[in-house]
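Take the sequence shown: its letter number 512 is residue 1035 in this note's numbering, and every next letter is one higher.
Among the clues, some could well be false.
To be verified - What follows is a list of derived Cβ distance ranges for each label pair:
id, residue 1, residue 2, range
1, 769, 951, 42 to 52 Å
2, 629, 750, 23 to 33 Å
3, 991, 872, 41 to 51 Å
4, 978, 877, 47 to 57 Å
5, 700, 607, 45 to 55 Å
6, 772, 607, 11 to 21 Å
To be verified - With a Cα cut of at most 16 Å, we get these calculated EDC-like pairs of lysine to aspartate or glutamate:
id, residue 1, residue 2
7, 1014, 951
8, 843, 858
9, 773, 790
10, 843, 917
11, 843, 854
12, 535, 753
13, 898, 929
14, 770, 819
15, 535, 582
16, 898, 869
17, 898, 836
18, 898, 881
19, 843, 855
20, 898, 871
21, 535, 647
22, 773, 936
23, 852, 819
24, 852, 881
25, 852, 878
26, 1014, 989
27, 843, 929
Note that these hints are calculated values from the structure, not bench results. Here the structure is a predicted model, which means the values were calculated and not measured. Just so it is clear, CB atoms sit at the ideal spot from N, CA and C, and this is done for glycine as well.
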Amino acid sequence: MLKLPVRGEHLKRYREIASLLLRYGSSDLVRKAGLGDLLDGELTEEASLRSRAEDLARDLERMGPTFVKLGQLLSSRADLLPEPYLEALSRLQDRVEPFPYAEVEKIVARELGVRISRAFGEFERTPMAAASLAQVHRASLRDGTSVAVKVQRPGIRREIDRDLEIFDQIVGVLSGHTEVGRTYDLEGLARELRRTLNRELDYLREANHLRRLESNLEEFERLVVPTPIEDYTTSRVLTMELVRGTKIDKLSPLVRLEIPGQELADELFRAYLRQILVDGFFHADPHPGNVFLTRDHRIALIDLGMVGHVSPELQEQLLKLLVAVSSGKGEEAAEMALRLSPSEAEVDRGRFRREIAELVAEYQERKLESIEVGKVVLGLGRVAARNGVRLPGEISLLGKALLSLDQVGRILDPEFDPNAAIRRHASELMRRRMWSTVSPGGVLGGILETVEFFERLPSRVNRILELVADNELRLNLTGVDFSHLVVGLQKVANRITAGLVIAAFIVGAALMMRVQTEFTLFGYPGVAMIFFLAAAVGGLWLIFDILYHDRA
């Protein structure tokens, strides 16, 4: 059994993690990680291995921000966890007590370089919301502009660094000595957790995210993104426009009757498809707590600490995959998934296609109100993992975002059909995908490449003709049928010869045009015209022969 280098000040945290693994993972996994001695005989409690998904979510919330974020990342890993766990973890939210206002004053004064009373006209002492990483206070600037001020919790960076150090040690042991760690790329999960937390702790980055998303969604009149106030924002304090409204999941039935739910749900869904499949930059955590209904009945997207990026190479393939899933084309969805997989391992493609087809068909057969396209995409990832097909992480992010959007869409409009929305907007998305590639830089690059091609073309053609004339042209071919090669070379030689004869006829006709004769055709010297007509017929015959016989 392996032993971890357990430091005394971290002993309690190691015990909590070991207990968590025992209850929701595997006792064998705990023993191999060298954590068994910390549990005082708890390893025999096999019943704890079947604890409910909601218990796991509550335990992660209790253990603090690092593990809340870990749960949110796991909620997109359909290859690791069954569906009930994905649903429970996708709803993870912080439930913590706010820190004292005196600490808020110290942090804001230190970050902005001026006291709160001088920077703001008003600053409410009681926070609007408190989370494990920060809390938000309502305030107003000196000019009366209402703002929300997000202040990072004191000491949170040290706490997260400690947890990440422990997590890295455990993952290192599991990845190096257990099949589970190697199969499910736990080291990759640890890197993603560290990267995500570091990004969320930098509010300058979040302010840039807000500005970028606001610019990308300019054309969506029903969507709002709060504007950051640059002079009042640092890496630990984020000041942004105050959005007055209600969380989507807190709307009363009466309010739902008054709002244009169908239009809001459709525009929100279209905006997210645009973010993911055209812009390549999207709000990665659109759960109902991060989506507000404003007083003028618009949708506000807040909390952009967690965002996702999709490379241009993947966008078109993801769009095709999504259209195939929403249209119930399981075979096509399976084929797209195989194309997306970077894995070169042997895969039973027939079995994979059958399982994907069954998954898509199962959801297509359900009633309209129970169809959730996000679940289908996450289920596709789960089937892929079971068959040894490793899909890009963007698939999980897409599935998680769609799952959250399904929930928000049902709240706004109980009859909202995400499958129909995808099909309805697919052509627009494809058109935008094409136009997004036609940037000034791309056009200029294409022009420069074309100019370079034509500049080098004469010298390259002359070189080839010289080699042909000197009988020095050599072709290096591998795996080609020699008889076919000979036929091909004969065809090339015949075409070149025919072309030279036709060219000679044209040159001869041009020279003889200056010799006046009694025999004329169409008012021109007859012999010259005969040569010209022969060249024309020969040229047309050559073109016809190439088009008809060389097409295959």
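Hint check:
Distance hint for residue 769 and residue 951: a CB-CB separation of about 30 Å, inconsistent with the stated range 42 to 52 Å. Hint check: residue 629 to residue 750, Cβ distance near 27 Å, so the stated range 23 to 33 Å holds. A beta carbon spacing of about 46 Å between residue 991 and residue 872 agrees with the range 41 to 51 Å that was offered as a hint. The beta-carbon spacing between residue 978 and residue 877, approximately 54 Å, falls within the hinted interval of 47 to 57 Å.
Separation of residue 700 from residue 607 is about 29 Å and departs from the stated range, judged on CB atoms against 45 to 55 Å. Range check, residue 772 to residue 607: Cβ separation about 19 Å, and the 11 to 21 Å hint holds. In summary, the hint linking residue 1014 to residue 951 is not supported, as the alpha carbons are separated by about 46 Å, beyond the 16 Å threshold. Note on residue 843 and residue 858: the hinted pairing holds, with a Cα-Cα distance of about 10 Å set against a maximum of 16 Å.
Proximity of residue 773 to residue 790 is assessed by CA-CA distance (about 20 Å); at most 16 Å being required, the pair is judged violated. Of the supplied pair hints, the one linking residue 843 and residue 917 holds, its CA atoms being roughly 14 Å apart against a limit of 16 Å. About 12 Å separates the Cα atoms of residue 843 and residue 854, which keeps this hinted pair within 16 Å; it holds. Straight-line distance between C-alpha atoms of residue 535 and residue 753 comes to about 41 Å, which puts the hinted pair past the 16 Å bound.
Taking the CA atoms of residue 898 and residue 929, the gap is near 9 Å; set against the 16 Å cutoff, the hint holds. Taking the CA atoms of residue 770 and residue 819, the gap is about 14 Å. The hint holds against a cut of 16 Å. Restraint check for residue 535 and residue 582: satisfied, since their Cα atoms lie roughly 15 Å apart, inside the 16 Å limit. At most 16 Å may separate the alpha-carbon atoms for a hinted pair to count; residue 898 and residue 869 exceed this at roughly 27 Å.
The suggested pairing of residue 898 with residue 836 is violated, with an alpha-carbon distance near 24 Å, which exceeds 16 Å. The hinted pair formed by residue 898 and residue 881 meets the criterion: a straight-line CA distance of about 14 Å does not exceed 16 Å. Among the hinted pairs, residue 843 with residue 855 is consistent with the structure: their alpha-carbon atoms are about 9 Å apart, no more than 16 Å. For the hint pairing residue 898 with residue 871, the CA-to-CA distance comes to about 24 Å; that exceeds 16 Å, so the pair is violated.
Under the criterion of a C-alpha separation no larger than 16 Å, the hint pairing residue 535 with residue 647 is inconsistent with the structure, at around 37 Å. A distance of roughly 15 Å separates the Cα atoms of residue 773 and residue 936; the hinted pair therefore holds under the 16 Å criterion. The suggested pairing of residue 852 with residue 819 is violated, with an alpha-carbon distance near 40 Å, which exceeds 16 Å. A C-alpha spacing of about 10 Å is found between residue 852 and residue 881, which places the hinted pair at or below 16 Å, so the restraint holds.
For a cut-off of 16 Å, the pair hint linking residue 852 to residue 878 stands: about 12 Å separates their Cα positions. Using a Cα cut-off of 16 Å, the hinted pair residue 1014 and residue 989 is violated, with the two alpha carbons roughly 20 Å apart. A threshold of 16 Å between alpha carbons decides the hint, and for residue 843 with residue 929 the separation of about 20 Å lies outside it, so the pair is violated.
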